[in-house]
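Protein chains: 6
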Amino acid sequence: MQLHLSTWIEVEAYLKTSKGIVMPIGSTEQHGPNGLVGTDAICAEVIARGVGEATGALVGPNIPVGMAVHHMEFPGSMTLKPSTLIAVIRDYVGSLAEHGFERFFFINGHGGNIPSIRAAFYEVYAEQRALRGRDAPDLRCTLVNWWENPEIGRLSREFYQGKEGSHATPSEVSLTQFAHPEAIKRVAMEPEQAPAGGFHDARDFRRRYPDGRIGSAPGLASPEHGQRLFDAAVSAIATQYRAFVAEA
Amino acid sequence: MQLHLSTWIEVEAYLKTSKGIVMPIGSTEQHGPNGLVGTDAICAEVIARGVGEATGALVGPNIPVGMAVHHMEFPGSMTLKPSTLIAVIRDYVGSLAEHGFERFFFINGHGGNIPSIRAAFYEVYAEQRALRGRDAPDLRCTLVNWWENPEIGRLSREFYQGKEGSHATPSEVSLTQFAHPEAIKRVAMEPEQAPAGGFHDARDFRRRYPDGRIGSAPGLASPEHGQRLFDAAVSAIATQYRAFVAEA
Amino acid sequence: MQLHLSTWIEVEAYLKTSKGIVMPIGSTEQHGPNGLVGTDAICAEVIARGVGEATGALVGPNIPVGMAVHHMEFPGSMTLKPSTLIAVIRDYVGSLAEHGFERFFFINGHGGNIPSIRAAFYEVYAEQRALRGRDAPDLRCTLVNWWENPEIGRLSREFYQGKEGSHATPSEVSLTQFAHPEAIKRVAMEPEQAPAGGFHDARDFRRRYPDGRIGSAPGLASPEHGQRLFDAAVSAIATQYRAFVAEA
Amino acid sequence: MQLHLSTWIEVEAYLKTSKGIVMPIGSTEQHGPNGLVGTDAICAEVIARGVGEATGALVGPNIPVGMAVHHMEFPGSMTLKPSTLIAVIRDYVGSLAEHGFERFFFINGHGGNIPSIRAAFYEVYAEQRALRGRDAPDLRCTLVNWWENPEIGRLSREFYQGKEGSHATPSEVSLTQFAHPEAIKRVAMEPEQAPAGGFHDARDFRRRYPDGRIGSAPGLASPEHGQRLFDAAVSAIATQYRAFVAEA
Amino acid sequence: MQLHLSTWIEVEAYLKTSKGIVMPIGSTEQHGPNGLVGTDAICAEVIARGVGEATGALVGPNIPVGMAVHHMEFPGSMTLKPSTLIAVIRDYVGSLAEHGFERFFFINGHGGNIPSIRAAFYEVYAEQRALRGRDAPDLRCTLVNWWENPEIGRLSREFYQGKEGSHATPSEVSLTQFAHPEAIKRVAMEPEQAPAGGFHDARDFRRRYPDGRIGSAPGLASPEHGQRLFDAAVSAIATQYRAFVAEA
Amino acid sequence: MQLHLSTWIEVEAYLKTSKGIVMPIGSTEQHGPNGLVGTDAICAEVIARGVGEATGALVGPNIPVGMAVHHMEFPGSMTLKPSTLIAVIRDYVGSLAEHGFERFFFINGHGGNIPSIRAAFYEVYAEQRALRGRDAPDLRCTLVNWWENPEIGRLSREFYQGKEGSHATPSEVSLTQFAHPEAIKRVAMEPEQAPAGGFHDARDFRRRYPDGRIGSAPGLASPEHGQRLFDAAVSAIATQYRAFVAEA
Ligand code: NI
Ligand code: NI
Ligand code: NI
Ligand code: NI
Ligand code: NI
Ligand code: NI
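Chains as they are written, first to last, in full-length UniProt numbering: chain X, 1 to 248; chain Z, 1 to 248; chain P, 1 to 248; chain W, 1 to 248; chain D, 1 to 248; chain F, 1 to 248.
Derived from the structure by calculation, the hints contain no laboratory data. Treat the hints with care, since some could be wrong.
[Unchecked claim] What follows is a set of in silico ranges between Cβ atoms, one per label pair, in the way DEER data are often shown: (1) P:Asp138 - W:Asp204: 50 to 58 Å; (2) W:Ala243 - D:Gly100: 49 to 57 Å; (3) D:Thr17 - F:Arg186: 40 to 48 Å; (4) D:Gly111 - X:Glu247: 33 to 41 Å; (5) X:Thr17 - P:Pro137: 49 to 57 Å; (6) W:Glu12 - P:Gly153: 42 to 50 Å; (7) Z:Arg157 - X:Glu148: 33 to 41 Å; (8) P:Gly153 - Z:Arg157: 21 to 29 Å; (9) D:Gly111 - P:Gly111: 40 to 48 Å.
Just so you know, these numbers come straight off a predicted model, no measurement behind them. Ideal Cβ placement from N, Cα and C applies to all residues, glycine included.
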C-alpha cells in the first residue's frame, strides 16, 4: 500500500491496524559511466514498494535527494546539506506522528545518507521530548540499508566475484536495470573494474576516480541479476520490517 | 530526458546544449474521498516528464512533500515547514548551479507551495549575491502551476461546468487516474459538489470540509479527462518553458 | 489606537473587547527618481493607522524592512532574507498570541513581501500545532495589500490613465507625498513613463530599469491624489478588517 | 537625512561624502502605568533623527521590536527571540554594506537589547570574514545607549533626584511626552516611586513589579523635561557619532 | 563536586539537596606572547572547581571555545559564531533542566562571551515559555565574570599597579601559571606594557596590538599571584553563588 | 602539544611544520553505577593528549558534551541536539582552517556522536565549497573511535572475557580510573553483567537498563587495566594519526 496511491480514508483505516510505515530514502548523484544519477533513489523506492507489497505496510514518499557532497564534481549530482536533510526527516516523521504513526522504517539507498539519517532520528527524539516531555508518543525510527544483509552479500559474490566495489556497484546498477529496462546504458569501461579506496572531499573523489566508480565493475550488471537482487532484498527486509513493528 | 534515468556523462553533454532544467514539486496531502494523497506530487511529476519529452529538457527529481500544514487534520497528510521547504529548494538549485545550470523551471502541483517556492527563489538569489557578489552566475528561477493556463481552464469548464472547486478537484483527480489507472477509487460522495469557501488553520479546514474537498465534484473525474488535461497542460507549459530558456 | 502610543493597561482593556490587531509591513527600497526609499513602509503604516482610527482596532508596530533582494543594486535598498522575515513575523505573531490576540490583519506595502508573509503564516500555524497540539489557540492571520481593491484601482485609472506601472507607481508616490509633504522631490524623468516588464535578479532589474521605475509615471503624483487614495484605501480596508474580526 | 525620506539617488550622492549611518533600535514593551508600549522605539527613533539633523548623517529604519522576553507577562509587550534579533541586525548591516556603508552607529533605546546587538555585531564580522576572507570591507559597528552619557545623568539627577529607577523611568517617559504630546497619559501611581531591584524571568518580573515599573517615579515626567533630555542626548551623541566616523 | 567525576546516582542524590549548578565557560584564543591560548577556559574551569569545593555545588562541564571572532588573526584562536554559542548554552541549560536543575550559575573567563551568554539566557527563557507556557519551571541563569569583584580588583592594583590592561592581563596569566606551572612561558616583551585602547574587527585588532596584548604587562605574572587571585576569586564568587541559590 | 597550553606564537611555529591537529570529542552522560558522567569526555581527552605526546601533534580543545538524547532519563546526562553539535564542529574546524590547519583528526569517546560528527564533516565540506568554490583549501576530517582497534579488542577480551558490553563498559571505566584515581567509585552491582540488547528512545533505554549499563560488567574495571588500555589505544591511534597527516 503506497501512501501516494491511497486516500486519506484508506490511511485512516490502515492506522487502525498498524502504526508502522516504510520510508524510502535515496540520493541523486553520479553512478559511473553506465549507472543512473537516480540509482540510489530508484533502489530505495523499488525495494520499499516490494516490502510494502510483501508485508502490507504503508510506503511513504521518497526522499529522492540525499547527502552527496562528495559527488558534486560530477554533473547532475545533487545534495542536501546534512542540516537540511535532518530538517526534512524531522518534518516527515513529525507529520506522520501527528496522525498516530509510531514506527518509522527507513529503507536507504545511499551510504552517504547514513550519518544524517541517524542524526535526524535523534533530532526527532530530542524535539519530541522538548515538545511533549514524558508524555511524548513512543516513536521509533530505524534504518536499513538495502544492500546490508547476508542474502544480498551472497548474490553479489555469486554474480560479481569480488568486483562489487563500493560505489556504482554492479548490484545497484542491476537493480535499476530491472526497475527501468528502458534506461539501460551500454558504455564501454576501462578498466573493467575501477580502482578501490577511500577519498576525501569532492575534488579528491574525482581525481582518484575519474569516471565515478569505486572498486566496481558495473559492466557486469544485468536486469536478470536485478530481479534476483530485488527478490532477495525484499524478502530479507520484509522479515526485518515485521520484526520491527512486532517489537514490544 | 529525466535526470534520474541519465548518467552523469549524459548530463555533461546536455549542459553543452542547454542550461535549463524542469523541476517538479508536489505535495503529499489528503485529496478528498477519491483523490490520492499523492495527487499533487503525481500531477507535477507526470506533467514535468511530459514537458521534458516535448522539449528535450532535462527533468530533475521531484519534491514529493510540500507545504500542507492546513491539511494536517486528515490522516496521511504530510508537510514540510515553510522554512524547511525553502532550505530544500535552496539546496536543489544550489547543487545544480554548481554544474552550470542557470534556468530553473519549477512545475508545481500544489497551491499551498507557492509562497514558500517564491520565497525560496529569493533566498537563493540573496545567498548567491552574498557568496559571489556581482560575479554570481545569472540564475533564474520561475514557477508554473500546471492548472493555471487557458487550455486547462477551458477543459475544466467543458468537463465539469463549474464543479471544479479549489481542492480535490476533478481535474487533478482525472490526471492521477490517467497516470495511475490501477489506483482509481470508486467512492460515493455526498453531496456531489462540496461546499466552497476559505478556511483558516488545519482544524478549521476539517470543520468546514469534513471529507476534505473544497467546492469540487471529483466524482466526475475520469482517466479520459486526465489524458486530455495532460496533453493540454504539457502543450501549454512546453511553450512556456521554451520561452523561458530562450529569454535573453 | 496605536500599540506604540498605548500603555499596557490600555492594551489589557482593549483585549477585553477585541482579539484583533492590525499589523503594517513595508519595505525599504528604491522607488525611482522621485519616490522615497521608505515608500512601502510609509504607505503601510499610514494606512494601518487610518484603519485603526476608522475601526478602533489596535495597530501594532511596523516591519519597516521587508524582502527586497531584487532592489539591491540601488543604493539605500535594504532586505531581510526571506527566512529572516519569516522568523520576524513568527515572533511578532507569537508574542501577541501570548497575550490573547487571535486575529492578525497584516496591511502590506510591498509586493515582494507577499510570499514570505504567506509562508510565515504557515510557519506560525505549524509551530503552534507543534507546541500546543489540538489545544492551540485558533490563530488567524490574513494579508491585505493596500493597493489591491477596486476603489484604489478606480482612482489609479482616473488619475494616471494607464501610467500606474508596477513599481515606483504614481499612486504610492502620491500617498507618501500626502503623508510627508516635507519630502516631496522634484525630479525630471525621461521618459515620463518607464518601460514595463518583468525581471530576474537584482542585476537584471537594474539593467532593464536603470532609474528604478517599472512601467510607471511617478511624475504624475501629487499629495492631493495621495489624500484621495488614502481615504479610499482606509475605507475599503476598514471594511475588510471588520469582516475579518467578525468572522465566526 | 532620513533614509526613508530620501531617494536612492540622494543616497548614492550621500555615499560619496560619508560611509556612516545612524541606526535606531528600540523595543515594544510595557513601560508602567503611564509609559507607552513604544517608549524605547520612540526614544531611539527621535534621538536618531536629532543626531541625523545635527550631523548630516543618514538615519536608517528603526527596529521597533527588540528583545523583551522579560516583559511578556504584561499585555502588549512583544519580543524577538535573541536569535531572530541577531538575524535582523545581520541582514540590516549586510544590506547596507552592499552599497558601501562601513560605519554603523546604533542608537539603542532598550537595555534588554544590548547583548543581542553586541552578539549580532560579531555575527556580522564572522560572516563577513567567512564570505570575503581578508578582503572583507572594514565594517565597524558600534552601540550607544541614549541614556548613558554624563549630560543625561546630570539632568536626571536634577529633575528626579534619585527617582529615575531602571525601567519605565521618568526620563524616557518625558522623552516620549515631548515626542508625542498627544499621547500623554495621566495615571495615578501608588507608590510614587516603585520598588527597585532585579528580577529573573517574565513571571518573576510581574510578581515583583506588578505595575511594570522598577525603581522609578514616572509620574514626575513632563514634556519640558523631555525637550531638555532630547537636546542633551542629541548633542552628546552627535559628538560621539562625529568621532566614530572620523576615526582612522 | 564535579559532574564529570560523579555518577548519575550521585547526581540524583545531589538534586535532592540543591537545584543549583556552576557552569564554567571560557574561550580559546591568543593571550599575547606568554599567555596560553586556553587562558580563559582554564581560568573559568579552575575557579568553578574552587567554588564547587567551597560550596558543595555541582560543577558542570566547561564550554572551552567561546566567542572570539576578534582574535581570529592570531594562530590558534578559535571561535563559535554567537548564534552557535547561544545554541550550545540553550542545550546545556535545557538538558540540565530536564533533570530538575533550576539555578544556573555561569562563571565566565572571557569578556567577549558576555553578550552571547546573556542573549542565550533569554533564548532559554523564550523557549521555555513557548514549550511550557506559564507552567514552565522557574529557571534562573546568572553570569559572573571571575575578575569582576572588589577582591580581584584590589589584588590587581597591589600586584600590577595599573599594568593590568584589558587583554592578556597579568592576573589571568598568573592564574594559569598557578593552575599549570608546567606551562609557564618565559618570553621577553617589548614594551613591558602594551598600548591600551579599543579595536574594531579582527584585522584591526592585530594591526593595533601586534603581539596580542592590550594595555597589559603579563611579564609581571607569577604563579604565586595566581594562587592569591584564585583564593580571592573563589571566596568572592562562592559567596555570590550561595546568595544566588538561597534567593527566594 | 596542547593548544590550551600553548601560546599563539608556538602555534604559528607549529603550523610551519604540520597542518594536522587532534580533536577530542566526548559526551556527558550516565555510565552506570560506577562509571563517571564524564567518562566519554575523559577517555577522548586523555587519549588525545597521549596521541599528541606520542606524535608531536597539536591537541585542540575538547567537546565535552555530545549527542546523548537517549541517556536523558538519567540525572546528570546532557546532550546537544544533533544540529547543534554539527554547528559546533563546523565552527571548530572552520576556525582552525582560517589559520591553515587542513587535517582534522577527531578522537571520539562516544558512539552516539558518530552520526553527528560524520554529518558535520560534510556540512563543513559543503560550506567550504559554497564559500570558496574550487579554490577551497583541501580540508580533511577523519574520525577515530578510541575503542575500535584490534589492540583494544584484544585487551578487552583478555580482561573481561565477554563482559565488555556496549555501554558503561569495564574498558572505559578502567580508563577513567586510570585518569582519575581520585574518583574511583565502589558500588555493588546486581547482576554483575547487565543485560545486553538495543533500545529505542530515552524512556525505553531506562526501562530496559534501569541502572544504565548495557551488557557490561564494569565492576571488573581497574586503574591497572586503564593504564594498559591507554597505552594500547595511544599506540594504535598514534599510528593512524601519522598515516593520516602523511597521506598525499
Ligand atoms: Ni549508490
Ligand atoms: Ni491538489
Ligand atoms: Ni512600493
Ligand atoms: Ni525603556
Ligand atoms: Ni582572557
Ligand atoms: Ni561511554
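Hints, verified against the model:
For P:Asp138 and W:Asp204, the Cβ-Cβ distance of about 30 Å falls outside the hinted range of 50 to 58 Å, so the restraint is violated. Checking the proposed 49 to 57 Å range against W:Ala243 and D:Gly100 shows it holds: the Cβ atoms sit about 51 Å from each other. Under the hint 40 to 48 Å, the C-beta atoms of D:Thr17 and F:Arg186, about 22 Å apart, miss the expected range. For the hinted restraint 33 to 41 Å between D:Gly111 and X:Glu247, the CB-CB distance of approximately 53 Å leaves it violated.
In this structure the supplied range 49 to 57 Å is violated for X:Thr17 paired with P:Pro137, their Cβ-Cβ distance being about 34 Å. Distance hint for W:Glu12 and P:Gly153: a CB-CB separation of about 33 Å, inconsistent with the stated range 42 to 50 Å. A C-beta distance of roughly 54 Å is found between Z:Arg157 and X:Glu148, which places it outside the suggested range of 33 to 41 Å. Between P:Gly153 and Z:Arg157 the beta carbon distance is about 26 Å. The supplied range of 21 to 29 Å therefore holds.
One distance hint, 40 to 48 Å for the beta-carbon pair D:Gly111 and P:Gly111, holds here, with the actual separation near 45 Å.
Checked against the numbered hints above, the structure violates hints 1, 3, 4, 5, 6, 7; every other hint is satisfied.
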